[in-house]
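Asker: For this one, chain V is given, so just place chain B on it according to the hints.
Read top to bottom, the protein sequences are chains V and B. Numbering-wise, the working numbering puts 36 at position 36 of the first sequence, and it's gapless, one number per residue. Count along the second sequence from 1, then add 247; that gives the number in the working numbering.
Hints were generated in silico from the structure; no laboratory data involved. In this text the structure is predicted, and so the values were computed from the model without any measurement. For each residue, glycine too, the CB sits at the ideal point set by N, CA and C. Don't take every hint at face value.
[To be verified] Short, incomplete list of chain V residues facing chain B, as computed with Cβ under 8 angstroms:
(1) 38
(2) 54
(3) 56
(4) 57
(5) 58
(6) 74
(7) 75
(8) 157
[Said to hold, decoys possible] Under the rule of at most 30 angstroms between Cα atoms (straight-line distance), these lysine-lysine pairs were calculated in the DSS-like manner:
(9) B/284 <-> V/154
(10) B/337 <-> V/45
(11) B/401 <-> B/456
[What the hints assert, rightly or not] Computed beta-carbon distance windows for the label pairs:
(12) V/195 <-> B/427: 53 to 59 angstroms
(13) B/265 <-> V/212: 37 to 43 angstroms
(14) B/417 <-> V/41: 42 to 48 angstroms
(15) V/195 <-> B/265: 43 to 49 angstroms
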Amino acid sequence: MEISVIFPTKDRECYVKRAVRTAFKVKLVREVIVVDGGSRDRTVKLAKKEGAEVIVQSDLIYPGKGVAMRDGAYLARGDILIYLDIDIKNMTPKFFEKLAEPLINGEAEFVKGCFERASGRVTELVAKPLLRMFYPEIARFKQPLSGEIAGLRKLFYKVDFERGWGVDVGLLIDLYKLGARIVERDIGYKDHDMKSLHALTDMAYEVAGAILRRAIRDWKIDIQWAEKYLKGVRTIDLGLESGAGFA
Amino acid sequence: MRTLLIGGGHSACFAANAIREIDPKGKLIIIEFTSEKVDALLRTFPFAEVIHQEIDEIENYIRSNGSIIDAVITATESDSLNLRYCRIAKENAIPLTISIINNPLNYEIFLKEEIPYIINPYHLIPIELSEILGAATNVLYESQKTRVLAVSIKISNGRLLPELMKELSQSRDVSAIFVSQSGEIKTSIEEVGLGGRLYLIGPKERIDKVLRIVKRR
Chain V
1 MEISVIFPTK DRECYVKRAV RTAFKVKLVR EVIVVDGGSR DRTVKLAKKE GAEVIVQSDL
61 IYPGKGVAMR DGAYLARGDI LIYLDIDIKN MTPKFFEKLA EPLINGEAEF VKGCFERASG
121 RVTELVAKPL LRMFYPEIAR FKQPLSGEIA GLRKLFYKVD FERGWGVDVG LLIDLYKLGA
181 RIVERDIGYK DHDMKSLHAL TDMAYEVAGA ILRRAIRDWK IDIQWAEKYL KGVRTIDLGL
241 ESGAGFA
Chain B
248 MRTLLIGGGH SACFAANAIR EIDPKGKLII IEFTSEKVDA LLRTFPFAEV IHQEIDEIEN
308 YIRSNGSIID AVITATESDS LNLRYCRIAK ENAIPLTISI INNPLNYEIF LKEEIPYIIN
368 PYHLIPIELS EILGAATNVL YESQKTRVLA VSIKISNGRL LPELMKELSQ SRDVSAIFVS
428 QSGEIKTSIE EVGLGGRLYL IGPKERIDKV LRIVKRR
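This is chain V alone, in the form it adopts within the complex (with noise of 0.2 angstroms):
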């Protein structure tokens, strides 16, 4: 088995030379893909140098984390595919083979990467009620936003990518239902820089989005039950007319 490693990138200079050299390390991999979102800085130039193969994510928007992750799927040749931040400052071949081992064993098709860290704002207060409402089955997992994911590369060509943030918990979503077999893995301590409480705003909203419309595909929405949770949240100004909608 052949691994390809995938890093989602936009104006990653500082880091990209040493996440591309630490992928390289890894055993069985076969090649390492930077998708990059249109970098101004020199994240595309330097990736290159490494050995990397380097493709621009084909939207123009940004951020398009979900494109950039299609595009790299499509472009790569591996058997397993594995995708991780590019920003983790701790890296080390260990974070890609923990999450390969289960592909490699065959214990399992897909693999969520979860970290020794308290769970992003967005996944506690946005991803986990929604997916406990929705899809009690996978609320489970303690890190569903996770990027930090793997992958057998033929899976990824069976489901639609979300073309932004919401892309990690469609894609578990999607390949829960597909019937593919998913563990969790941590990973280990993860060194990151968060994210600003402003600049999650898009992210909550994006990931809400992604669950909601597979609530809607997957028949679990209707008006009745719409009705049902939504009389409990009649006390927040939801912008809705007095009793619009609502018995």
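Answerer: Just chain B now, with coordinates in the frame of chain V:
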């Protein structure tokens, strides 16, 4: 001609219609990997053979049918897939490999991969804007096949004129048309005047020399 068109989005639809116009008796095969799109493509392009293939199967299709395919046009919505299939087409010595890219930033990457023909659908936007807004120089067309270049130059500098006229009178392989400020079209170099626009078409190296003169001024 037997053309294999990969993709079922906007670019592919434009390409399919263009191929039909250019080569009405040719054989057009469209490959799409989204099963829902295949029926729509069949209805839209009844003159084409439309095939549904998985992403990984398309490479095998190119390999198996390479000897009878004259041209491969990759026009999927992912530049990664476009690059992947172009590489296979090149490896299998398909006479013509053409890619319609999605993100202009990938042009250089495809160029370095030596993809013979790369179409950037967005490249007309700066050209049209330069023409409408009256840019000093504007490259209107550069042939990827013949090294022919067509440009337009704004005549805004009196000192530029004699130098340009001297250069053009020595360049018999460059054709020129001048459009005056009032919109009159003139074909003689002697009629070139200030404020109008000069249109040139000719060999790239000749036109590049003219552009260098303009930039110096």
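Asker: Work down the list of hints and note, for each, if the structure agrees.
Answerer: Against the structure, the hints come out as follows:
With a least beta-carbon distance of about 6 angstroms to chain B, the hint placing residue 38 of chain V at the interface is held under the 8 angstroms criterion. Of the supplied interface hints, the one on residue 54 of chain V holds, with its beta-carbon coming within about 7 angstroms of a beta-carbon of chain B, less than 8 angstroms. A distance limit of 8 angstroms between C-beta atoms decides the matter here; for residue 56 of chain V the minimum to chain B is near 4 angstroms, and the interface restraint holds. Because the closest C-beta pair between residue 57 of chain V and chain B is about 7 angstroms apart, less than 8 angstroms, the hint holds.
Annotation: residue 58 of chain V was flagged as interfacial toward chain B, and the flag holds, the nearest CB pair being 4 angstroms apart, inside 8 angstroms. For the restraint placing residue 74 of chain V at the interface with chain B, the shortest Cβ-Cβ distance is roughly 4 angstroms, inside the 8 angstroms limit, so the hint holds. The interface hint given for residue 75 of chain V is met, as the beta carbon of that residue sits about 4 angstroms from the closest beta carbon of chain B, less than 8 angstroms. This hint holds: residue 157 of chain V has a C-beta 5 angstroms from the nearest C-beta of chain B, less than the 8 angstroms allowed.
With a CA separation close to 20 angstroms, the supplied pair residue 284 of chain B and residue 154 of chain V stays within the 30 angstroms bound. Taking the CA atoms of residue 337 of chain B and residue 45 of chain V, the gap is near 25 angstroms; set against the 30 angstroms cutoff, the hint holds. For the proposed pair residue 401 of chain B and residue 456 of chain B, the alpha carbon gap of about 16 angstroms is at most 30 angstroms, so the pair holds. Between residue 195 of chain V and residue 427 of chain B the Cβ separation comes to about 58 angstroms, which falls inside the hinted range of 53 to 59 angstroms.
In this structure the supplied range 37 to 43 angstroms holds for residue 265 of chain B paired with residue 212 of chain V, their Cβ-Cβ distance being about 40 angstroms. Against the hinted window of 42 to 48 angstroms, the Cβ-Cβ separation of residue 417 of chain B and residue 41 of chain V comes to about 45 angstroms, which satisfies the hint. The hint said 43 to 49 angstroms for the Cβ distance between residue 195 of chain V and residue 265 of chain B, and at roughly 45 angstroms that hint holds.
Checked against the numbered hints above, the structure breaks none of them.
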